[in-house]
Amino acid sequence: GESVGLHLPTLSVQEGDNSIINCAYSNSASDYFIWYKQESGKGPQFIIDIRSNMDKRQGQRVTVLLNKTVKHLSLQIAATQPGDSAVYFCAEIGDYGQNFVFGPGTRLSVLP
Amino acid sequence: DSGVTQTPKHLITATGQRVTLRCSPRSGDLSVYWYQQSLDQGLQFLIQYYNGEERAKGNILERFSAQQFPDLHSELNLSSLELGDSALYFCASSVTGLGYEQYFGPGTRLTVT
Numbered sequence: 001g002e003s004v005g006l007h008l009p010t011l012s013v014q015e016g017d018n019s020i021i022n023c024a025y026s027n028s029a030s031d032y033f034i035w036y037k038q039e040s041g042k043g044p045q046f047i048i049d050i051r052s053n054m055d056k057r058q059g060q061r062v063t064v065l066l067n068k069t070v071k072h073l074s075l076q077i078a079a080t081q082p083g084d085s086a087v088y089f090c091a092e093i094g095d096y097g098q099n100f101v102f103g104p105g106t107r108l109s110v111l112p
Numbered sequence: 001d002s003g004v005t006q007t008p009k010h011l012i013t014a015t016g017q018r019v020t021l022r023c024s025p026r027s028g029d030l031s032v033y034w035y036q037q038s039l040d041q042g043l044q045f046l047i048q049y050y051n052g053e054e055r056a057k058g059n060i061l062e063r064f065s066a067q068q069f070p071d072l073h074s075e076l077n078l079s080s081l082e083l084g085d086s087a088l089y090f091c092a093s094s095v096t097g098l099g100y101e102q103y104f105g106p107g108t109r110l111t112v113t
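Residue numbers (my numbering), protein chains in the order written: chain Y, 1 to 112; chain V, 1 to 113.
A couple of the hints might just be wrong.
[As the list claims (entries may be wrong)] Beyond 12 angstroms from chain V on every Cβ pair, some chain Y residues (computed):
no., residue
1, Gln58
2, Arg61
3, Val70
4, Lys71
5, His72
6, Gln76
7, Gly97
8, Gln98
9, Pro112
[To be verified] To be clear about the criterion: a stretch of chain Y counts as covered by chain V if any three or more of its residues have a C-beta under 8 angstroms from a C-beta of chain V, and this derived list gives those stretches:
no., region
10, 34 to 48
11, 100 to 110
These aren't lab readings, by the way, just hints derived from the structure by calculation. Computed from a predicted structure; not experimentally measured. Even for Gly, the Cβ is constructed at its ideal location relative to N, Cα and C.
Go ahead and model the full structure; you've got the sequences and the hints to work with.
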């Protein structure tokens, strides 16, 4: 399929290394944050979420960190694999689910 | 497979025309969301329906409209199409209307010539 985000920032990592993808969000009143993964030609896929009353949440090989002081969100992927190559979006939700804003995305490229 | 279906997969039409995109949510999901994704942009939220009623509105143009039917499927209508409307259109669904855990469909690629 056609690539999304031709001019996105790109993070290149070696297979097996850890990846950290960052996201700045805009609304200090947002109360829910999500990371999505979008592979070429497919729709975004839910990875992990975190509520604003938490600062860290772990999933399988992924960890999301939330720093509300500086309005910053990060996604850490452990032992990055070729299948992790994709565009990653953060999303913030606020106003009781009536305000959705997606970040511009970061392209993760895993090098063999 | 997210369980969300969208038809058609591809659509090519001319400027000034009108098209309808269709979305069927996952079984049990009451809320449907529509997004537009251009090549050089991220996902732009257009509109959300919950159990047949409009719940939230984003950057949706007046030329665009949507509705959710009693069987919970949704349609996005795009009229007076312009070249700039060429994009991927995604539908997502969730159980609640609060935007949590949205599951996305495969998208409809619209090309306006």
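The hints, checked one at a time:
| no. | hint | in the structure |
| --- | --- | --- |
| 1 | Gln58 | holds, 17 angstroms |
| 2 | Arg61 | holds, 19 angstroms |
| 3 | Val70 | holds, 21 angstroms |
| 4 | Lys71 | holds, 17 angstroms |
| 5 | His72 | holds, 17 angstroms |
| 6 | Gln76 | holds, 20 angstroms |
| 7 | Gly97 | violated, 3 angstroms |
| 8 | Gln98 | violated, 4 angstroms |
| 9 | Pro112 | holds, 27 angstroms |
| 10 | 34 to 48 | holds (count 7) |
| 11 | 100 to 110 | holds (count 6) |
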